[in-house]
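> The lines below spell out each chain.
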Amino acid sequence: MDARILLVEDDPSIREVTAIGLRSAGFTVETAVDGAAGLERFAAGGFDLVLLDVMLPRIDGLEVCRAIRRTSTVPVVMLTARADTIDVVVGLEAGADDYVKKPFEVPELVARVRAALRRAGRGPEDAERLQLGPLTIDLAGRSVARDGTDIALTRTEFDLLVELARHAGQVLSRDILLDRIWGYDYLGDSRLVDVAIQRLRAKVETDPAAPHLIQTVRGAGYKAVR
Amino acid sequence: MIRGVRARLAITLVALVALTAVLLGAGAYLFVENNLRQQAIADAAAQARFDLSVTVAEAGLPPSPTVDDLTASHLLDRFHQRGVGAIVDLGTNGAAVSEGDLNGALSTFPADLRQRVDGGQLAYAWTTIAGTPRLVVGGRVGSTGPVVYFVRDATAIDAALGQLRVALVIGTLVLVLLALLVARLIARGVLAPVEAASRAAERIERGDLSARVPVTSDDEFGTWARRFNGMAEALAETIGRLEAAEAQNRRFVADVAHELRTPLAALVAEASILREHLDDLPAGSRRAGELLVADVGRLRTLVDDLMEVSRFDARAEQIALEPVDLGRLVRAVVAARLAEAAVQLPDAPLVVETDPRRLDRILGNLLDNAREHAAGAPVEVTLHSGRDDIVLTVLDRGPGVPPARLERIFERFYKADPSRHGGSSGLGLAIAAEHATLLGGDLTAVNRPGGGLQVELRLPVTQSLPHSDVTAIDAADAGTPTQSQQETQP
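Respectively, the protein sequence lines represent chains A and B.
Here the first sequence stands for residues 0 to 225, numbered as in numbering that gives the first Met the number 0.
Here the second sequence stands for residues 0 to 489, numbered as in numbering that gives the first Met the number 0.
Please note that a few of the clues may not be correct.
What the hints assert, rightly or not - Distance windows between CB atoms, simulated: (1) B:VAL390 <-> A:THR27: 50 to 58 Å; (2) B:GLY439 <-> A:THR135: 44 to 52 Å; (3) B:ILE318 <-> A:SER71: 35 to 43 Å.
What the hints assert, rightly or not - Chain B side only, calculated, beta carbon under 7 Å to chain A, not exhaustive: (4) THR222; (5) THR261; (6) VAL267; (7) ALA268; (8) GLU269; (9) ARG314.
Honestly, the hints are just simulated from the structure, not real lab data.
Positions of the beta carbon are idealized from the N, C-alpha and C atoms, including for glycine.
Next comes chain A alone, as it looks inside the complex (with noise of 0.2 Å):
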């Protein structure tokens, strides 16, 4: 895998030994220290992923991420040394993809920047359409329109809408969804898939606080209507 990974971490000791990690799981990996020179690099264009540390100096990793998000879809994977669950909500509302709390093992991280870059890479299955209720989901062109209205969705959002579509009717549990969009085979962080259902509800629901297309199933996990 030759993809190319911008580093956005301020502590020295981190960001050499992941580097180091990332390297030597095969890609090839630039390094800013702070936020200015991260959004620096970036501009110079070319990546494939970043990771980038929440708490950095002079611009921090939401605003850089938010910076990124206005020009990019490249998948953004945060580091967070904290994990409640408002800092995992600001991370996706900052269009985030993933996050990985530190401390992390270098293996971990790998797998979870792995998982990102294959979602990320995923082409277009073929050139199906999908509805639900009043949305087109035009799955070659990754884009959702609500009467002919285009709807921006992130990566993930547009993913799990994807998911639920196709087994409309049929509930998902948190753990699949962790499994299937965010590629985790083992136990991750659940809230991860409530946040990111909330975020959807939000773009897609024409009363997010009512929601009709996306629906909770108590103790079970979610579905999408028939």
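Could you slot chain B onto chain A? The hints should help.
Only chain B this time, still in chain A's reference frame:
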């Protein structure tokens, strides 16, 4: 207590006032009565003396007069016109009376009166004739003449005395009522500061150290109130100082744990790479590398636990309830932490509303503890539900804990066996107990009779699932949450 003081004060004051009023009233009454009667007697005696020596003598009665003689003299008519009744005792000739009421009255007169009068003295007596109080004054005309009794109506005196009695009783009652009122006012005045102090003390007892007693006077109460306030001040200051020290302590622990996180994150990442390459190290440094990797793991556990403890201390913990299949959770946690433990679950799925992350932490820490303190010994995990609680038991077949140390094993950094150095932080059981408390339950530990430690988590179940609170579920796959979950689990 306050009511008691109030009652005692009222009773004392009323008794004093009532006693004084009765004594004064009785004295005044006796004085007035005596005066009235003496005056009446003096008037009647003077008149009687005059009538005996002048009026009767001038009537010109013969010696040993008869009733007819008296009638002829019109003497009795003159007395009657004056409003004074008269009885003339004519000895063997009978008695003449000035009015019908007095017929036969002579025989009712006290014997003492008649003896004195017969003996030539002027004498008086208070008596009742025909139902009316009378003053009788009797005397003999000359030394051998007839005996005359003058009978005066004493109703006016009795009526006056009766009015006086009524006035005195009413006056006494009014005084007693006044005394009650005054007692109330005094009690209020005296007890108000006591009540204020009582309220202040109660507030302090409830933890409000800002409560103070109002200092309203310069008397003993004022002094006392100042003392009380001084004490409360000192108490608040001491407690404030202790709390500040405690908060500083906790902040320090939180800061330490936080500051350790960044170097720890580097260490963990570095150790994870080192672990991959242990085999490449020369034999001399390989063992050191292995120990380093293991110790980084220990350090990570310790810092994680410290962070957790400082979150408890900052009360920053929130509970996220959701329906949890306990059997599934127990199996998953045991598989991850101590796969060789035997698990015993109830036959039916047990789904309750709880916070699965906390339950995961509790059971995980209990299993870590069992693994460490009963290394190699069999461990059993049992889940069963009672009527209104569920009980999760972790039992090891290790050496157990000396009874004296049993109740301390949930304290932070308490090690039941000080010589043991395991991979745990010494915070695991304390953290488990904190989580249990947050979930409304508790953790208890006992030694098993056959050897081994048994730790029991008891959780109250307020809401039993499965229930119908399922958000917008179709009739097509309606069912218990557990069932639908199982369907989708390959």
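> Taking the hints in turn, state whether each one holds.
Status of the hints after comparison with the structure:
1. B:VAL390 <-> A:THR27: 50 to 58 Å: Given about 55 Å between the Cβ atoms, the range holds.
2. B:GLY439 <-> A:THR135: 44 to 52 Å: 48 Å, holds
3. B:ILE318 <-> A:SER71: 35 to 43 Å: Holds - the Cβ-Cβ distance for B:ILE318 and A:SER71, about 39 Å, lies within 35 to 43 Å.
4. THR222: 55 Å, violated
5. THR261: 5 Å, holds
6. VAL267: It holds, given that the least Cβ distance between B:VAL267 and chain A is near 4 Å, below 7 Å.
7. ALA268: 5 Å, holds
8. GLU269: With a closest approach of 5 Å, the B:GLU269 hint holds.
9. ARG314: Violated, about 14 Å.
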